[in-house]
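Protein chains in written order, with the numbering used here: chain P, 1 to 252; chain D, 1 to 252; chain S, 1 to 252; chain L, 1 to 252; chain A, 1 to 252; chain C, 1 to 252; chain U, 1 to 252; chain B, 1 to 252.
Rather than coming from a laboratory, the hints here were simulated on the basis of the structure. Do not rely on the hints blindly, as some may be mistaken.
What the hints assert, rightly or not - Ranges of calculated distance between the beta carbons of each label pair, as one might list FRET restraints:
#	chain 1	residue 1	chain 2	residue 2	range
1	U	GLY150	D	GLN57	38 to 46 angstroms
2	L	LYS17	C	LYS93	41 to 49 angstroms
3	C	GLU60	U	ARG168	40 to 48 angstroms
4	L	ASP84	D	PRO251	42 to 50 angstroms
5	A	SER118	L	ASP84	57 to 65 angstroms
6	S	ARG74	P	LYS73	41 to 49 angstroms
7	S	ARG74	P	PRO251	32 to 40 angstroms
Claimed, not checked - No farther apart than 25 angstroms at their CA atoms in a straight line, the calculated lysine-lysine pairs in the DSS-like style are these:
#	chain 1	residue 1	chain 2	residue 2
8	S	LYS26	B	LYS73
9	B	LYS249	S	LYS11
10	P	LYS26	U	LYS26
11	P	LYS17	U	LYS120
12	A	LYS120	A	LYS93
13	U	LYS120	C	LYS120
14	D	LYS166	S	LYS26
15	P	LYS26	C	LYS112
16	C	LYS249	U	LYS166
17	U	LYS111	C	LYS166
If you're wondering where the values come from, they're calculated on a predicted model, not measured in any experiment. From the three backbone atoms N, C-alpha and C, an ideal C-beta is built for every residue, glycine too.
Number of protein chains: 8
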Amino acid sequence: MDPQDIQAILKKVWDRKMTAAVALEKLRHLPFEEIPYARVDSHRHLRCGFPEVIFCQGKEPADITAIARSILKRSDYLLATRADRTAFEAIRKASRRAVHHERARCVTVRKKAPPRQSGKILVVCAGTADVPVAEEARITAEMMGHEVDGLYDVGVAGIHRLLAAKDRISAADVIVVVAGMEGALASVVGGLTRSPVVAVPTSIGYGANLGGIAPLLTMLNSCAAGVSVVNIDNGFGAGYAAALMARLKNPA
Amino acid sequence: MDPQDIQAILKKVWDRKMTAAVALEKLRHLPFEEIPYARVDSHRHLRCGFPEVIFCQGKEPADITAIARSILKRSDYLLATRADRTAFEAIRKASRRAVHHERARCVTVRKKAPPRQSGKILVVCAGTADVPVAEEARITAEMMGHEVDGLYDVGVAGIHRLLAAKDRISAADVIVVVAGMEGALASVVGGLTRSPVVAVPTSIGYGANLGGIAPLLTMLNSCAAGVSVVNIDNGFGAGYAAALMARLKNPA
Amino acid sequence: MDPQDIQAILKKVWDRKMTAAVALEKLRHLPFEEIPYARVDSHRHLRCGFPEVIFCQGKEPADITAIARSILKRSDYLLATRADRTAFEAIRKASRRAVHHERARCVTVRKKAPPRQSGKILVVCAGTADVPVAEEARITAEMMGHEVDGLYDVGVAGIHRLLAAKDRISAADVIVVVAGMEGALASVVGGLTRSPVVAVPTSIGYGANLGGIAPLLTMLNSCAAGVSVVNIDNGFGAGYAAALMARLKNPA
Amino acid sequence: MDPQDIQAILKKVWDRKMTAAVALEKLRHLPFEEIPYARVDSHRHLRCGFPEVIFCQGKEPADITAIARSILKRSDYLLATRADRTAFEAIRKASRRAVHHERARCVTVRKKAPPRQSGKILVVCAGTADVPVAEEARITAEMMGHEVDGLYDVGVAGIHRLLAAKDRISAADVIVVVAGMEGALASVVGGLTRSPVVAVPTSIGYGANLGGIAPLLTMLNSCAAGVSVVNIDNGFGAGYAAALMARLKNPA
Amino acid sequence: MDPQDIQAILKKVWDRKMTAAVALEKLRHLPFEEIPYARVDSHRHLRCGFPEVIFCQGKEPADITAIARSILKRSDYLLATRADRTAFEAIRKASRRAVHHERARCVTVRKKAPPRQSGKILVVCAGTADVPVAEEARITAEMMGHEVDGLYDVGVAGIHRLLAAKDRISAADVIVVVAGMEGALASVVGGLTRSPVVAVPTSIGYGANLGGIAPLLTMLNSCAAGVSVVNIDNGFGAGYAAALMARLKNPA
Amino acid sequence: MDPQDIQAILKKVWDRKMTAAVALEKLRHLPFEEIPYARVDSHRHLRCGFPEVIFCQGKEPADITAIARSILKRSDYLLATRADRTAFEAIRKASRRAVHHERARCVTVRKKAPPRQSGKILVVCAGTADVPVAEEARITAEMMGHEVDGLYDVGVAGIHRLLAAKDRISAADVIVVVAGMEGALASVVGGLTRSPVVAVPTSIGYGANLGGIAPLLTMLNSCAAGVSVVNIDNGFGAGYAAALMARLKNPA
Amino acid sequence: MDPQDIQAILKKVWDRKMTAAVALEKLRHLPFEEIPYARVDSHRHLRCGFPEVIFCQGKEPADITAIARSILKRSDYLLATRADRTAFEAIRKASRRAVHHERARCVTVRKKAPPRQSGKILVVCAGTADVPVAEEARITAEMMGHEVDGLYDVGVAGIHRLLAAKDRISAADVIVVVAGMEGALASVVGGLTRSPVVAVPTSIGYGANLGGIAPLLTMLNSCAAGVSVVNIDNGFGAGYAAALMARLKNPA
Amino acid sequence: MDPQDIQAILKKVWDRKMTAAVALEKLRHLPFEEIPYARVDSHRHLRCGFPEVIFCQGKEPADITAIARSILKRSDYLLATRADRTAFEAIRKASRRAVHHERARCVTVRKKAPPRQSGKILVVCAGTADVPVAEEARITAEMMGHEVDGLYDVGVAGIHRLLAAKDRISAADVIVVVAGMEGALASVVGGLTRSPVVAVPTSIGYGANLGGIAPLLTMLNSCAAGVSVVNIDNGFGAGYAAALMARLKNPA
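Chain P with its partners taken away, still in its complex shape (with noise of 0.2 angstroms):
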């Protein structure tokens, strides 16, 4: 809070502009008078380029559509997660440009190309049933506008494959490790990388892998350091973080 709105405060009331109750009530909400809607708004939608995203799951068709139409009011791009069949027919309803990418669960709409960002992601995942999620991390990264490379299916348990793509690896400004059963993967490429690595545990495995609270527990404590670590399945929020990371490559 600025002194000088205290003091404008204070002069009204010197010059009897203004009563002290007012004045009371004022002080009382002033430290958060400058954050006002709109421009907060406004600022987000020019800081990131990048529109509101519809986490599909658990909501109607008819708010999907409604929230679609909305966005693409304002947007040329819409990004839409956990997406089946029928998000994907409520939001045709809105974009005859809607695209469904089946595997990795999203729907995309792009009126025109996503500006091209100069940072370079990796997506590596550690087994085939992990590539959903990796998916959908792709398709993030994409739509804010990334360059972004897949490796898949590389285990640590036979980390030769791994290692023969150590030059994929190296070319990678950001790297998304995605990797259910124990995790281990994101340690291994954590230590072969002098990028940043986020890690992404899922829920595939059975057993004592807890839904996924396993590979969490195992990324939270990898031994390799510049690994940080998002949701369980949270593909999306992988790709998004490592998008703003990559974006710091963007000539000033």
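Place chains D, S, L, A, C, U and B on chain P using the hints.
Just chains D, S, L, A, C, U and B now, with coordinates in the frame of chain P:
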């Protein structure tokens, strides 16, 4: 329950050498009669060539001395785990031959060298802080007559340290992997070897390591088949299980 | 990293056959160069005599058929786990020799009989409901060439059923114990045998069984040394680990 | 709430001996009126023949002395649990008859011998480290007048030790089973007896024992019917519950 | 197999009305009978005082019929729990006397009335939704020969409903308390009675009930001594344990 | 039964316009009424200020109808929660006035408008998916006579949306905050108001949301004083607690 | 800074008895004051109705003195919680008026008596060991101007003790219930009152109390509506929340 | 070992100012150096861009000195974390340049100033008690060459303190958010910025904070995209990850 035994009882009743009441009582416990106390005990002694082990933690020094004396009366070997200086002094009262392995927190007594077993065991350990657990495993397996090689501080974040030792990994009949933090080492070693792997999670780490729960889950969910797991920090259990496996190498 | 390798690089630089820039690049990845893709792969094939395994759960039928075909091109054996009727049909497309073991939820293909291994495995199981997991372990170990004996429905609440089979317990080189509910069977069997015990907790039970966490903890805390544990319901993992152990019985 | 009570109130209103406002207030609390303070208290004293118990842990010595004096004013017996040397001294100030059972961490005062009850209780305990909890159960049940037999150090890893005592198991009316580690003993004993079993998990163990959670889950999931469970390390609770059960043996 | 039956056989042999060979045949299956995938513990009635019980959940109808037949060959009573309509039909194939108790999800067969036991059991239950578990306890205890009273829907939020029934509480030799939500009922009942209380947490509730973990912890931590606990939703276990306790009332 | 109704009866008795016998008949079920499998707490309105509420989930339609009838016999209001279409139909059998609030999953019956209470309640909710829980809270508080304002979809990731509504926050006497995901909204609202905040975590989210445990812990650990918490998804409980608080606004 | 004080300043400006410049100096730290390693929220009293509170645990004495001085510069009241002797001495350096409430582990400073509020608060507590948490709640509510009654040691195992105090329960506008062990007290009190109940679980207990998790779950799952919960051992939070509620009693 | 250093060596060989033999000696320890109980990863700087870091907790002083010497032989920088006074003295034996940052519990050695990196990092911290973790992050990022700004004690309960600093938030390329209690700060900051956020939960709090699990879950479930998480109290990991991200700002 052997039909002959029942027949014998029934014959005695028929011959009126046993009353129905006595016969009923005998039939009630018959299934257990065949495991009399002494026979099983000597059987255990014979089959393992390994005396009982003293878990010192939480035991009174006087109790430790008494148990040690009792074991050494019938055995040429003694192994005591979780033994601090006080426990060591207590065992010294039972035998001047007692040796204290401080890092391993073990005390051993050997009246003679244990009979040499064929199988070779390798103990691999992720970080310096895991060494006490690794040493406990090593001492245990050595007391059971096995040759034990140690490969320490080879965490997966610098995986070349592990790969550089692939010959020693190949030479082992059984491998014990000791790791805290996220415990990913077990999966990587499991993917590099043909031998059974006994994994020991340790409570080394902080935050979401949860006292060893994180590496425990990692190891249970290992994507490398052939890995089985013992309790957190249980170096003794791992060394013992590894020795039972390695002993299968002995010529029949 | 071998000094000779570095020396060779340095010599080339001295001889101006390699620029400093190229040498720097080579030195950056040197520690990994020695594990080239093909060699490790053939090594794995050679050493295990066991092809990759298909975990069917969550895989598309078309993917299963493709993976099965790929494996059978290079291998005489195929094992697929968690295979329902649909998965079986998918594998049948790859081979008419495919056999469905319904209780075990496995599919096997054997172009010829697997080479007979020496070590004998016993699978012990606590209750009727644990049988599918036990059968998965049995099929796995048999596919790897071992003779497997099965001792089912011998829970500790009627311990005479277990004690009556002590000869079969004694005859085994490795024992797999499968138990749900409270999982106490592993401790009791572990106390009766000289052989290594691989324990498999199952998710059978209700209430505070917690999907298998209860018997998992029981088995990890077993007061009987020589017991190691695999993941909940992981019959395949237990059978595989047991086979790796039993194989040590083979004459060198 | 008895219709008579309501009738009595209504009659008073009809007779204008009670205003509607007073009657409304009475009706608000009527259901509870019938449990007056003194009656229940004396009833409790009468029915149990057992005074209140002092749980010493975390109580100030002066408070312990005061509570002990208050109890001994009205009672011939005093039981204090979790009592260290300081607590013992505090109780000695209230009575010179105080006896300290150090292993059991209990203090008892008996002005006269407790009336002998019919039911016999057996306390079975898995390992030496569980003895303090077992002794707490024993002392409690003895204070309540029961004959208590103790069968200690009979863990399931050497099951013949337990089977050898089957006569003592058969002779008991109620059995308390105390076990840490994995707690499998409760299931085995439960399968050998027709008497109710009260199981007490202890926090003895390490790693995934989780402070007693592992044996607690084991006992709750026991495959042997007739086993019920009390809190971790709660020897007092087990002894008390066992005594309430055994008391049913008393002739009516 | 009933002890009386064995006694009858033995008496016939003693009286030379039956040869040892015929008796042997009758007794040969005494400890257990192997049927495919099951090993019926026919010794249990002799050892524990009640024939084996069929837990139907997850069992194949054909297996249920086979086990039911095996039990009914040697027993006058059959109890099957977690029995839906299909399980009931399967048991009907073994006996036309089978009765389905739908709320309790139990099937019972009684060839004759069970011998009447002295001890009286009261089943108290907190909410309407807990009734199925309470009924399972009631049926079990009745099958074991006890008189069972039921006091349902007396949760502690309206405690006068419970206090109004204090005579029925006082009349019981053993009390089973069934409660979900927060499970506080066990503590309140435990404080009102002299009799042992067997508490059964149920998975009724939502959110942080955690499938019954919340009332389970409540009951284990009960401030009322004399309360012991069985597994979540385990009405059978509670009824069985209560019957073992109540049986102590029988004249010696 | 409404205190006013009882007062009216008592007044008639005082005025001798109604005999004690007739009044007794009217009041005879005051404490509770037994119907099969339920014991309706009819004294609750007098004691707690609101008639009993039906939690429909898991109840049989016939039971719901019976309980509804029993409540409506003595009360002008009925609230049923977790009510699907079937539950609604069941309540319609008891009263044609029943209204189904589908989003809130509630059914209400009002024979007359509830007496208007002074305190104003604001329900704030983080995301669209939390709305059903928020609506359950709103309906509950409205049934208890309070004016309720709703401020929905104001998650903390776009905090200006919340700050823009600070006047509505200031106007509320009690605030209910409903949030899933990470539940941070409760802390932010708690820091902006001088009114008590009732926080409701919801099970909305994925991965490590753990069915609502994550926001539950967030809310319990809130750094803003004045926040208290109810169970996961427990909109009813929040609305009820908020109404009890807001009622304090009523002139004495 | 007290709203009254600000109002007084504003009135002086209005009355031209104080210049805007002088007033600005007085108000300049209104939003917060930066001191090393802390940023005291001096706006809080205006916004939330009570000055900032110092949570002493883990704070350096010098920091505590500095924060205390900063608060007392603009406030007539100071409350510090989790304050041991050292923290008390640190606050004494800021004010000689500081009083140490040892059981409650609180320090208070009152330059003048707090304005008396209308609402009455009752703190109910289950056992003697819960008293420190109860006292923390009491001191907090008293500092906020409320009359607080205390009803201690009324655990549900002797429920008559609680029922005997029903008049004091009825007299309270808000009730704080403090309980460890299983925490059932909150449900019983919640069922007896029409006032809002704030429940505080404590870490008092052993074994499966799990450091307060058991009573926390009990209270969250309470079958009595109107109960909301604060963090384990959080007496301050309960007292603060209760005071915010009770303040609603004040005439508008 | 710095890539520049290797390049310098190679250049000298190319220029024939250094023989291959001398160069080999210099490079021979490149991948790692074995010292007792440790295997220093000297290749790490080349591979990952920063020399190995010493985690002092639980390491013997002699080991710390040896590892520090080994690192300083080939590196101009040393960072040691979780370093108390003893660890500091141990490092001083290896270098007199060692500096102890007591609040951060770090020791640093800089033979020269680290090369300045472009990216700017902001460390935001919720409470005074979180400062040590925040400082560990700051020191780490500064050692890696970044400019670091600190914004401390801006918890969400007084959100104006955070909003007042929005310019500093906007100026940061990467933001580290450190928070205990409920950890809501990460979500709020994440919603205010375009930059990637690395969240660090701390174990600060009490009761259901669960040693940091509560804020960890909060941060993983953050409704603000772009937030990734490191382990509890892992300030080093956050600073390191943030530096890897910020480094992307460097001109290519």
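We went through each hint and held it up to the structure:
1. U/GLY150 to D/GLN57: 38 to 46 angstroms: holds (44 angstroms)
2. L/LYS17 to C/LYS93: 41 to 49 angstroms: For C/LYS93 against L/LYS17, whose Cβ atoms are near 44 angstroms apart, the range 41 to 49 angstroms holds.
3. C/GLU60 to U/ARG168: 40 to 48 angstroms: Distance hint for C/GLU60, U/ARG168 holds at roughly 41 angstroms.
4. L/ASP84 to D/PRO251: 42 to 50 angstroms: violated (58 angstroms)
5. A/SER118 to L/ASP84: 57 to 65 angstroms: With Cβ atoms ~44 angstroms apart, the hint is violated.
6. S/ARG74 to P/LYS73: 41 to 49 angstroms: With Cβ atoms ~56 angstroms apart, the hint is violated.
7. S/ARG74 to P/PRO251: 32 to 40 angstroms: This hint is violated: roughly 50 angstroms between Cβ atoms.
8. S/LYS26 to B/LYS73: Holds, because 23 angstroms separates the two Cα atoms, which is no more than 25 angstroms.
9. B/LYS249 to S/LYS11: violated (37 angstroms)
10. P/LYS26 to U/LYS26: Between P/LYS26 and U/LYS26 the Cα gap is close to 17 angstroms, so the pair holds against 25 angstroms.
11. P/LYS17 to U/LYS120: violated (42 angstroms)
12. A/LYS120 to A/LYS93: Violated, because 34 angstroms separates the two Cα atoms, which is more than 25 angstroms.
13. U/LYS120 to C/LYS120: Satisfied, since the Cα-Cα distance of roughly 21 angstroms is no more than 25 angstroms.
14. D/LYS166 to S/LYS26: holds (21 angstroms)
15. P/LYS26 to C/LYS112: Answer violated: P/LYS26 to C/LYS112 is near 42 angstroms, above 25 angstroms.
16. C/LYS249 to U/LYS166: holds (23 angstroms)
17. U/LYS111 to C/LYS166: violated (32 angstroms)
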